[in-house]
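Asks: Sequence:
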Amino acid sequence: MADFAWSLGSPSLRLGVTGLSRAGKTVFITALIHNLTHGGRLPMFEPWRAGRLLGADIRPQLHPDVPTFDYRGHVRKLTDARVWPDSTRQISELRLTIAYESATFLGRSLGRGKLDLDIVDYPGEWLLDLPLLSKDYRAFSSETLERGREPRRTAIAADWLAHTSGVDPLGPADDEAAGRLHELFAAYLGAARGGSLALSMVPPGRFLMPGDLAGSPALTFAPLDLPESGEAPRDSLWALMESRFEAYKDVVVRPFFRTHFARLDRQVVLVDVLAALNGGREALVDLEMALGEILGCFRPGRSSWLGQVLTRRIDRILFAATKADHLHHASHDRLELILRRLTDRAIARASFSGAEVDVKALAAVRATREATVRRNGESLPCILGVPQEGELLDDHLYDGKEEIALFPGDLPDNPQALFRPPEAGEPGFDALRFLRFRPPPLEVTAEGVSLSLPHIRLDRALDFLIGDRLA
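Be aware that the sequence shown starts at 1, since it is given in UniProt numbering, and climbs by one per residue.
To be clear, the hints were calculated from the coordinates, so they are not data collected in a lab. Just so it is clear, the structure is predicted and the values come from calculations on it, not from any experiment. Note that the Cβ used here is the ideal one computed from N, Cα and C, for glycine as well. Careful: at least some of the hints might be erroneous.
Said to hold, decoys possible - Listed next, with one range per pair, are the computed distances between beta-carbon atoms: (1) GLY296 to ASP57: 35 to 41 angstroms; (2) LEU451 to SER379: 27 to 33 angstroms; (3) ASP358 to SER450: 52 to 58 angstroms; (4) LEU62 to GLY296: 37 to 43 angstroms; (5) VAL83 to GLY190: 19 to 25 angstroms; (6) GLY190 to ALA139: 20 to 26 angstroms; (7) THR445 to LEU54: 18 to 24 angstroms; (8) ASP80 to LEU392: 23 to 29 angstroms; (9) GLU356 to PRO172: 51 to 57 angstroms.
Unchecked claim - Below 20 angstroms or equal to it, Euclidean Cα-Cα: the simulated SDA-like pairs (lysine to any residue) are: (10) LYS77 to ILE58; (11) LYS114 to THR37; (12) LYS114 to GLY39; (13) LYS114 to ASP57; (14) LYS135 to LEU295.
With these hints in hand, go ahead and build the complete structure from the sequences.
Replies: Put into structure tokens, the structure is as follows:
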């Protein structure tokens with residue numbers, strides 16, 4: 001009864017925010033907090049539109065063993081230095097208390113409503129580790145090596161695969177050999193995630209951000225080839241790698257999901273679709289596979305390990321295509337359709353036990369404006385912005401100060417066109433041009449009041465994620 005009374009007096013909602021590398025998790029959380037605490041324009045967020053949103057304040061978060069999300073530091077980078085904050089490297093939390101007026105007569109008669117929004121920020125690569133819990137080392141090795149031999153990965157995997165092929169998995173356990181295999185494997189994972197390939201399927205995720213576990217046995221393993229009929233002796237290299245793979249699950253994966261993931265109420269997964277488009281058709285297909293794995297994390301069966309530890313179910317999941325400001329608004333709905341195409345098949349295969357899933361395109365911080373430029377008698381819908389220092393386009397290296405007008409290209413009306421070879425006369429991936437832009441200067445009113453960070457469709461995301469809890 002006491003717990004029930006507490007929940008009535010101080011309702012809370014735990015919102016998980018994740019995404020694959022460079023999708024903009026830190027920027028999303030910072031912009032969400034900044035707009036709620038600075039009276040941002042949020043016309044598609046029903047409590048704001050109805051005038052019921054009374055304010056929001058940052059409060060101490062509840063877990064002394066979890067780093068607090070550095071909101072103020074991130075805001076300074078965005079507004080003072082006009083640089084993007086560093087990527088998420090570890091889990092962090094922040095509590096935002098939102099005051100609102102109820103939409104119902106009974107609610108208003110009880111006084112001002114409050115919701116404690118606990119925001120949990122964690123790397124999406126950790127989410128891709130969850131499927132490892134249902135695999136043994138043999139299955140992990142087989143799948144990972146098969147993926148590395150795919151044509152789009154052969155160049156970056158060459159050194160790792162060549163070294164692996166020369167290793168006898170049934171030979172004696174050797175810590176130095178294990179370390180060298182891990183080093184080459186981790187380099188391959190880093191190359192797959194970064195560079196022009198922009199691939200997404202890169203588990204184990206902690207290999208790319210080891211933190212204080214760097215060099216530990218639990219993070220020093222790699223897949224090996226073993227004949228179908230092969231049985232490995234206890235003192236073999238295979239047995240050593242197998243034990244470390246199991247240790248990785250015990251030391252890294254299970255504790256994270258027990259402590260954090262299993263306690264979430266809502267989840268937003270941010271997706272850098274434009275990076276995949278820059279990487280070409282193979283990167284899109286790889287992203288689709290990764291999103292399928294992620295969706296699988298949210299539909300655990302009763303017999304699965306995760307199904308047994310979840311004390312409550314995530315009831316709303318938002319997939320958001322970020323960086324919509326890199327496109328003209330005419331392509332925003334098309335960007336959303338591409339992400340919907342990337343997730344529809346996995347959603348159709350899944351049973352979410354009542355969870356509501358939605359897809360949106362947004363820019364948590366809008367770094368560009370729009371303009372129409374005439375070129376060769378043709379009107380081109382362009383975006384205006386300042387490319388980051390070091391960005392390169394058509395052999396021009398930008399210095400971080402020059403504002404340009406860029407025609408990024410048009411996304412296709414039918415997203416399916418991106419998943420097949422282009423037909424005659426149909427533009428291909430090379431017709432799309434995306435640059436990274438600096439954050440915009442913060443607008444100031446005539447009275448000298450700084451406005452909130454500009455955004456695209458952040459209000460729609462907020463309405464889906466928390467609007468019903470502010471009714």
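Asks: Go ahead and decide if the range 52 to 58 angstroms is satisfied by the Cβ distance of ASP358 to SER450.
Replies: violated, 32 angstroms
Asks: Checking one constraint from the list: CA of LYS114 to CA of ASP57, max 20 angstroms. Satisfied?
Replies: holds, 11 angstroms
Asks: Taking the Cβ atom of THR445 and the Cβ atom of LEU54, is their distance within the range 18 to 24 angstroms?
Replies: Holds - the Cβ-Cβ distance for THR445 and LEU54, about 21 angstroms, lies within 18 to 24 angstroms.
Asks: Given the hinted pair LYS135 and LEU295, is their alpha-carbon gap at most 20 angstroms?
Replies: holds, 17 angstroms
Asks: Has the hinted range 23 to 29 angstroms been met by the Cβ atoms of ASP80 and LEU392?
Replies: holds, 26 angstroms
Asks: Is LYS114 within 20 angstroms of GLY39, Cα to Cα?
Replies: Distance of about 17 angstroms is within 20 angstroms: holds.
Asks: Is it true that GLY296 and ASP57 lie within 35 to 41 angstroms of each other by Cβ?
Replies: Holds, at about 37 angstroms.
Asks: Range hint 51 to 57 angstroms: satisfied by the CB atoms of GLU356 and PRO172?
Replies: Hint holds: Cβ distance 54 angstroms, inside 51 to 57 angstroms.
Asks: Between the beta carbons of LEU62 and GLY296, is the distance compatible with 37 to 43 angstroms?
Replies: violated, 29 angstroms
Asks: Has the hinted range 20 to 26 angstroms been met by the Cβ atoms of GLY190 and ALA139?
Replies: Given about 23 angstroms between the Cβ atoms, the range holds.
Asks: Taking 27 to 33 angstroms as the stated bounds, is the beta-carbon spacing between LEU451 and SER379 within them?
Replies: holds, 31 angstroms
Asks: Is the Cα-Cα distance between LYS114 and THR37 20 angstroms or less?
Replies: holds, 14 angstroms
Comparing the model with each numbered hint stated earlier shows that hints 3, 4 do not hold.
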